[in-house]
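Whole structure, please, built from the sequences with the hints as guidance.
Next come the chains, spelled out residue by residue.
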Amino acid sequence: MSVPYLKEAAAAGETEKLIRFVRLHLGDGNEEVGRKEIDKSWIEALKILLRYEPVDDSLIASVLERDESTLALLYFHLHFSLIRKSGEWIHDGSR
Amino acid sequence: MTEADSKNRPAISTAQADPREAGTQLRPGLWETINERYPGSMIRKDSYVPLARLGKPLAEARLTLISSCGVHARDDRPLDVCHPFGDFQFRRVPSQLRHEDLTIHQLKYPHDDADVDINVIFPIERLQELAAEGVLGGLTDNFFSFIGYNMDPQKFERTAARDIADAVVSEERADVALLAPA
Numbered sequence: 001m002s003v004p005y006l007k008e009a010a011a012a013g014e015t016e017k018l019i020r021f022v023r024l025h026l027g028d029g030n031e032e033v034g035r036k037e038i039d040k041s042w043i044e045a046l047k048i049l050l051r052y053e054p055v056d057d058s059l060i061a062s063v064l065e066r067d068e069s070t071l072a073l074l075y076f077h078l079h080f081s082l083i084r085k086s087g088e089w090i091h092d093g094s095r
Numbered sequence: 001m002t003e004a005d006s007k008n009r010p011a012i013s014t015a016q017a018d019p020r021e022a023g024t025q026l027r028p029g030l031w032e033t034i035n036e037r038y039p040g041s042m043i044r045k046d047s048y049v050p051l052a053r054l055g056k057p058l059a060e061a062r063l064t065l066i067s068s069c070g071v072h073a074r075d076d077r078p079l080d081v082c083h084p085f086g087d088f089q090f091r092r093v094p095s096q097l098r099h100e101d102l103t104i105h106q107l108k109y110p111h112d113d114a115d116v117d118i119n120v121i122f123p124i125e126r127l128q129e130l131a132a133e134g135v136l137g138g139l140t141d142n143f144f145s146f147i148g149y150n151m152d153p154q155k156f157e158r159t160a161a162r163d164i165a166d167a168v169v170s171e172e173r174a175d176v177a178l179l180a181p182a
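So the protein lines, in turn, are chains A and B. Going letter by letter, the first sequence gives residues 1 to 95 in the numbering used here. Going letter by letter, the second sequence gives residues 1 to 182 in the numbering used here.
Just so you know, these hints were derived from the structure itself, not from any lab. Hints may be right or wrong, so weigh each one.
Claimed, not checked - Straight-line Cα separation of at most 35 Å, DSBU-like style, residue types lysine-lysine; simulated pairs: (1) Lys36/A / Lys17/A; (2) Lys108/B / Lys36/A; (3) Lys7/A / Lys17/A; (4) Lys108/B / Lys155/B; (5) Lys85/A / Lys17/A; (6) Lys85/A / Lys40/A; (7) Lys7/A / Lys36/A; (8) Lys47/A / Lys17/A; (9) Lys7/A / Lys155/B; (10) Lys47/A / Lys36/A; (11) Lys85/A / Lys47/A; (12) Lys7/A / Lys108/B; (13) Lys56/B / Lys7/A; (14) Lys17/A / Lys40/A; (15) Lys36/A / Lys85/A; (16) Lys108/B / Lys17/A; (17) Lys36/A / Lys155/B; (18) Lys7/A / Lys85/A; (19) Lys108/B / Lys47/A; (20) Lys40/A / Lys7/A; (21) Lys17/A / Lys56/B; (22) Lys56/B / Lys85/A; (23) Lys56/B / Lys40/A; (24) Lys155/B / Lys40/A.
The following block contains the structure:
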């Protein structure tokens, strides 16, 4: 899905096309795998928070002040970071 | 790949397994469905720049290598593999580095074999040998690498591709470029 295709979908409010792209990206071209990967990263975040360890509130507050584009890309980075922590990494050659 | 491209694909003997399906380096069905799953992502060009003729024998020419494999020096900054549209940056890879000096930063293709021998996607050591043997006149100081996954080929052409082309000509003074997709 090219960026022009995605821009067109976003302008038309065709969210199914957009979420399909996200799933394909996160699932290395497999939509169903991508769907599970999204669930997996949220579960990993939840499992970490269940440990009730101290958190850096000021860091979160300052990060959220950053520009939207940086935060949006950070969101993708956090997803992949949490997937790595889960120990169920499907990328880099493990099909 | 468009539907028309698919129809024009060279026929493969039935006695011979299609390596794009049988090989371990490509998921089954990927080739047939890529345009359905990534509509609009394939580059369409209405005009082509003709390839330039080599102005001197290879034995006198300085060669550079340009690859979409996402290989870079271990101590270099990683390319961004998380961005959903791709990374529009490239990395210079010193041409005298060895397999052990390099890493592959890429999510979108399996590189089990390349982890064992980087030369299968980035033939840096083979080119060093060809230069040492005099088959090539020499190598540029740096080769070039970027991430092939990219959803905005037009922007890529305006940014990374243009910058690599400029560097190849004005900085590295290459006589010939070897393009290696991954």
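Evaluation of the provided hints:
| no. | hint | in the structure |
| --- | --- | --- |
| 1 | Lys36/A / Lys17/A | 18 Å, holds |
| 2 | Lys108/B / Lys36/A | 17 Å, holds |
| 3 | Lys7/A / Lys17/A | 10 Å, holds |
| 4 | Lys108/B / Lys155/B | 20 Å, holds |
| 5 | Lys85/A / Lys17/A | 29 Å, holds |
| 6 | Lys85/A / Lys40/A | 10 Å, holds |
| 7 | Lys7/A / Lys36/A | 25 Å, holds |
| 8 | Lys47/A / Lys17/A | 30 Å, holds |
| 9 | Lys7/A / Lys155/B | 14 Å, holds |
| 10 | Lys47/A / Lys36/A | 16 Å, holds |
| 11 | Lys85/A / Lys47/A | 11 Å, holds |
| 12 | Lys7/A / Lys108/B | 23 Å, holds |
| 13 | Lys56/B / Lys7/A | 46 Å, violated |
| 14 | Lys17/A / Lys40/A | 21 Å, holds |
| 15 | Lys36/A / Lys85/A | 15 Å, holds |
| 16 | Lys108/B / Lys17/A | 20 Å, holds |
| 17 | Lys36/A / Lys155/B | 31 Å, holds |
| 18 | Lys7/A / Lys85/A | 32 Å, holds |
| 19 | Lys108/B / Lys47/A | 27 Å, holds |
| 20 | Lys40/A / Lys7/A | 28 Å, holds |
| 21 | Lys17/A / Lys56/B | 51 Å, violated |
| 22 | Lys56/B / Lys85/A | 53 Å, violated |
| 23 | Lys56/B / Lys40/A | 56 Å, violated |
| 24 | Lys155/B / Lys40/A | 32 Å, holds |
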